[in-house]
Amino acid sequence: DYGADEEQDVSMRVIADHSRATAFLIADGVLPSNEGRGYVLRRIMRRAARHAKMLGFVEPVLYQTTVFVLESMAEAYPEMAQRTDYVAKVVKNEEERFIQTLDNGLRILTEEVTRLQQQKQTVIPGEIAFRLYDTFGFPIDLTADIVAVEGFTIDEAGFHSAMEEQRRMAREHWKGSGEEAVSGIYRQLVEEGLRSEFTGYDNLTGSAEILAILKDGQPVTHADQGSEVEIVTTATPFYGESGGQTGDRGELTTATGKMAISDTKKPLPELTVHVGKIVSGSVAKDAAAELKVDQAQRQATALNHTSTHILQKVLTEILGEHVQQAGSLVTPERLRFDFIHFSALTPEELAQIEEQVNLRIRNNLQVATQQMSTDEAVAAGATALFGEKYGDAVRVVRIGDFSMELCGGTHTSASGDIGLFKIVQEAGIAAGVRRIEATTGAKALELISQQEQTLDQLAALVKTDRPQLETRLRKLLERQKELEREVESLQGKLNADQAGDLLNQASDVAGIQLVCGRADNLDGKALRELADQVRDRMESGVLILGSAHGGKAGLLVAVTKDLTKRLQAGALIKQLAAMVGGGGGGRPDLAQAGGSKPEQLSEALAAAPGLIAERLETV
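Numbering-wise (the numbering used here), the sequence shown opens with residue 1 and increments by one.
Among these hints, one or two may not hold up.
[Stated by the list, open to error] Straight-line C-alpha distance at most 20 Å; calculated SDA-like pairs for lysine to any residue:
no., residue 1, residue 2
1, Lys266, Glu251
2, Lys552, Pro598
3, Lys266, Thr246
4, Lys422, Pro332
5, Lys313, Glu251
[Claimed, not checked] Simulated DEER-style distance windows between Cβ atoms:
no., residue 1, residue 2, range
6, Asp536, Glu150, 21 to 31 Å
7, Ala571, Met163, 43 to 53 Å
8, Ala74, His160, 20 to 30 Å
9, Arg37, Gln453, 49 to 59 Å
10, Pro347, Lys463, 26 to 36 Å
If you're looking for bench data, these hints aren't it; they were derived computationally from the structure. Idealized CB from N, CA, C, for every residue including glycine.
Given the sequences, and given the hints that come with them, work out the whole structure.
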C-alpha cells in the first residue's frame, strides 16, 4: 500500500510519472530508439521498468499503467485514447526486450559493486558502465540511479571514452572496405568542377561528353576492351542508385568502342557514375558518347517503385499511422519495404494489404510529379522520410489522390501499368521493424504460376486433385500422428524388455550395482527414455548406456541420488566421451555426451568399471 514504505512509494511515483510521459510521447508519434527523442523515451521506460522490478513485478506492467493513463485522459485527449492499443503494444514490446537483459545486467553490476566495496572504492569504471549500455541496454543514468543507493558514482568520462573508442573502431572498419579512398576521388572530381545532369525522367537515351574515366579508383585517359571502369559524363539518362532504388543498366557507345553498363551510382548529389566493362574497342576521355538505358529493366524498376508508394500508404491505413518507413530496396526483380510495427502480420492482414494494393492498381490512378519547396510539400501533406535531409526544392510524386510522397525515383505513368502485386514474404528484421518483400507485373504472374505448379505437383504426390488437397493432407497428417503414437507405445514396450535384459546383466563394482550396455540405433531422446525405464527399477547404482546412431556415438550416465556424493555422472561421462572422440556433461545424477567414433563405443563401455573403481578409491 502507498505510504507504508518510503522506498516503495518512490518506485510507485516513478512508475506513475513515467507512465504519463511514456503515454504522451508514444501517442504523439515518438518511438523508443537509441537516438534523439526516441532515446529519451527509452530511458524513461527503462527506469520505470527497473522500479517495477524493485516492487516485485517479474512480468511487464508499464504497458498496463500507460493504458490507465490514456483511459483517464480520454475526455481531455480523445485522439490519444484512440491510440490506446497501439501505445500498449509499443510499451509491452520494449518492456519484454529490456526484462530479458535486466537480470543479467543487474547481476554484473552487483558483482562489480561488491568487488569495488572490498577494495574500498566508490566509482564504477566507465568501461563497465559502457558494457552495461552496449550489451544490456542500460542507459548511463539508469546505472547511476542503481549504484547511487550504495553510495557509488560513475566515471562518466571513462564511459564516453569507451563509446568514442567503439565509434573509432567502427569508422576504421568502414575505411578498411576501401570506400573511403574511392569516395575521396569522387569529391576530387566535384571539386574540379565535374557535374552530371540527369535527363532520365523523360528520356532513356541521350548524348554527352565523357568527363572522366576511373579504373581501380584512379583517373585514366582511356580504357581498352576488357577493362572494368567507371565513367562520368556531362549528362545522362541513367538513374544513379539512391533512395532505395537501384541504378540503371544499359550501354554507352563512342566512335571507337562500347561499354556495357551494369550499374549506376550517385556517390554525391552532383555526380552520376556509370559502372561497367568495355566490351569492344576502346573509350577515351573527352569523347562524345551515346547513352542508352535498358528499357525493360527501367520499366520493371518503375513498377516496383510505384508499388512501394502504394504499399506504404496501404500499410498506414490497415495497421495504423504509426507505420513509418525504416528502409527500402527497389530493383527490377522485386521490392523490399521495411517499416515500424511491433508484431508479426497475420495472414488476414497480409491478404488485406495485398488486396488493397491491387485495388489501387486496378483503379489505374494517374502518377504525376511536381517540383516545389520542401515547406510547400510538407504543408500539402506529402510524406517525407523521417531523418532524411532535403534541399530547398523537392520532387513530389502523387498517385491519384491516394498517395503523396517526396521522392526522386523513377515511376510508371499510371498505377494500372503495374498489373499485379504479390507479397512474397513478411518477416521481422529487428525489434519493432517488419519487412515485406513483394514482386509485380510479369514477375508476380510468374510467381503465381510457379505456386500453382507446386500445388499440382503436391496434389499428384498425394494422389488427389487440387480442390481436395487440403482435406487429403489433413487426413495424412492425422494418420501420421496415429502411427507416431503407435511407434511410441511399441518403443515403450521394447524399452521395458530391453531394461529387463540390461538389469539381468548388472555387475558389482566395489559394492555398487553397475548396469552397463549398448542400445544401438537410439537417439538422445530415446536413450533417455530407456534410461528412465532402467532407473525406475534400480534402488541404488550406476547406469551407463551407449548407442551407435547415424554414424555417431551416444553415451548416457545416470547415478542414483544416494551415490552422487561419491560419483558424479558429469565427471564420469567426460572420461568416457573422450574415448569416442567427443565431449559432454550434465548434472551429478544424469549426463549425456556424443562422439564421432562409434567404433570405439564397446571399448569405452568396457573401461567403465575400471573408471568407477578408480573414482571410488579416491573418495
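For the pair supplied as a hint, Lys313 and Glu251, is the alpha-carbon distance within the 20 Å limit? violated, 36 Å
Take the C-beta atom of Ala571 and the C-beta atom of Met163, compute their distance, and say whether it sits inside 43 to 53 Å. holds, 44 Å
Using the C-beta atoms of Pro347 and Lys463, is the stated range 26 to 36 Å upheld? holds, 28 Å
When you check the alpha-carbon spacing of Lys266 and Thr246, does it fall within 20 Å? Holds: Lys266 and Thr246 sit about 10 Å apart, inside 20 Å.
Checking one constraint from the list: CA of Lys422 to CA of Pro332, max 20 Å. Satisfied? With a Cα-Cα distance of about 14 Å, the restraint between Lys422 and Pro332 holds, given a limit of 20 Å.
Given hint Pro598 paired with Lys552 - CA-CA distance at most 20 Å: Since the Cα atoms of Lys552 and Pro598 sit roughly 5 Å apart, the hinted pair holds (cutoff 20 Å).
Could you see if the CB distance from Asp536 to Glu150 stays within 21 to 31 Å? Once the Cβ atoms are compared, 51 Å apart, the range 21 to 31 Å for Glu150 and Asp536 is violated.
Verdict for Arg37, Gln453 (Cβ pair) under range 49 to 59 Å: holds, 50 Å
Does the alpha-carbon distance linking Lys266 and Glu251 stay inside the 20 Å limit? With Cα atoms ~17 Å apart, Lys266 and Glu251 stay inside 20 Å; holds.
Can you let me know if the beta-carbon spacing of Ala74 and His160 is within 20 to 30 Å? 43 Å Cβ-Cβ, so the 20 to 30 Å window is violated.
When held up to the earlier numbered hints, the structure conflicts with 5, 6 and 8 and fits the remainder.
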